[in-house]
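**Q** Chain by chain, the residues run as shown.
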Amino acid sequence: EAAVTQSPRNKVAVTGGKVTLSCNQTNNHNNMYWYRQDTGHGLRLIHYSYGAGSTEKGDIPDGYKASRPSQENFSLILELATPSQTSVYFCASGDVGGTEQFFGPGTRLTVL
Amino acid sequence: GDQVEQSPSALSLHEGTSSALRCNFTTTTRSVQWFRQNSRGSLINLFYLASGTKENGRLKSAFDSKELYSTLHIRDAQLEDSGTYFCAAASSSFSKLVFGQGTSLSVVP
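Quick note, the sequences are listed as chains S and R, same order.
Heads up: the first sequence begins at 1 in the working numbering, then just goes up one per residue.
Heads up: the second sequence begins at 1 in the working numbering, then just goes up one per residue.
Honestly, the hints are just simulated from the structure, not real lab data.
Hints are not guaranteed to be accurate.
Unchecked claim - Label-pair distances were calculated between CB atoms; the ranges are:
id	chain 1	residue 1	chain 2	residue 2	range
1	S	T82	R	S9	21 to 31 Å
2	R	I44	S	I60	18 to 28 Å
3	R	G52	S	V14	46 to 56 Å
4	S	S7	R	H14	35 to 45 Å
5	S	P69	R	P109	20 to 30 Å
6	S	S54	R	G16	48 to 58 Å
Stated by the list, open to error - Calculated cross-link-like contacts (lysine to aspartate or glutamate; reagent style EDC-like; alpha-carbon spacing at most 20 Å):
id	chain 1	residue 1	chain 2	residue 2
7	R	K54	S	E100
8	R	K54	R	D81
9	R	K60	S	E100
In this text the structure is predicted, and so the values were computed from the model without any measurement.
Just so you know, even glycine gets a beta-carbon here, dropped at the ideal spot from N, CA and C.
My request is simple: use the sequences and hints to build the entire structure.
**A** Listed below in C-alpha cells is the structure:
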C-alpha cells in the first residue's frame, strides 16, 4: 500500500483564500518535504521538516507555511492563495542521514 | 546555487533501441536519485545511488561523485518506458534534492 499519501488530489481555490494541503507517511521517516512542480520543470523545495514540531524553509518558501504536528503528518498552508501558486505539489519522506526520498502522488492546485 | 544539468531535454527512441541520459552536477553531490514521471504525474523511484552502478532489468545507472555526473542507460526500449525522466542530486545541506529539468522520452514503434 502507498506509503506517502496526499489530500486532496485536486483542489480549486479562489485568490485570497486559505488552502491546506495534507501529507501522511507510514514509512516512519523523520524527514518530510514539500515540493512544487511547474509545467516543463523539475521539482523545487518549498519547506521541509526533520521531525514533529519542526519546519524549515526550503528554496522557495515565500507565500507558504508548513506544519508538522506528528511524525506521520506534514501540511502545507497557503494563507492567501494567489494564481502564481497554481501548480502540482508533491510531498516526500526520507530517512535521517539518508537521502533517498519517497514521493506521494501529488496534488494539483488551481488558484483562480 | 546548486544546479543539475540534465540532457538531452527530449529524446525519441524506436522500440528495441538503447540510449543514455546524463546529469552533470555543479557542486559536490552526496547521492543521486532517478525518477520516471508517468502520464498520471506520479514519480516512480528508479534508482538511488551513493556511488558506483546499479542495474534493474533494462535500466542501468551510474554515479561518479568525483567527476560530478550520473547516467541512466535504457536498453531495448519499450513503449512503456515513455515518460519524463528526472535526476535529483542530494546536496550537502540537509539532504534536500535538487532536480534536473527532465528528459522527455518517447518510445515509438
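**Q** Quick check on a hinted range of 18 to 28 Å for R:I44 and S:I60, using CB atoms only.
**A** holds (24 Å)
**Q** Should the hint that S:P69 and R:P109 are 20 to 30 Å apart at their CB atoms be regarded as holding?
**A** Distance hint for S:P69, R:P109 is violated at roughly 51 Å.
**Q** Range first: 35 to 45 Å. Now tell me if the beta carbons of S:S7 and R:H14 are that far apart.
**A** Hint holds: Cβ distance 41 Å, inside 35 to 45 Å.
**Q** Indicate whether the distance between the beta carbons of S:T82 and R:S9 respects the range 21 to 31 Å.
**A** holds (29 Å)
**Q** Check the hint pairing R:K54 with R:D81 against an upper bound of 20 Å on the C-alpha distance.
**A** holds (18 Å)
**Q** Range hint 48 to 58 Å: satisfied by the CB atoms of S:S54 and R:G16?
**A** Given about 50 Å between the Cβ atoms, the range holds.
**Q** Is it true that the CA of R:K60 sits at most 20 Å from the CA of S:E100?
**A** holds (17 Å)
**Q** CA of R:K54 to CA of S:E100, is that 20 Å or under?
**A** holds (15 Å)
**Q** Verify the CB-CB distance for R:G52 and S:V14 against the hinted window 46 to 56 Å.
**A** holds (50 Å)
Figure legend: structure checked against the earlier numbered hints; the only hint not met is number 5.
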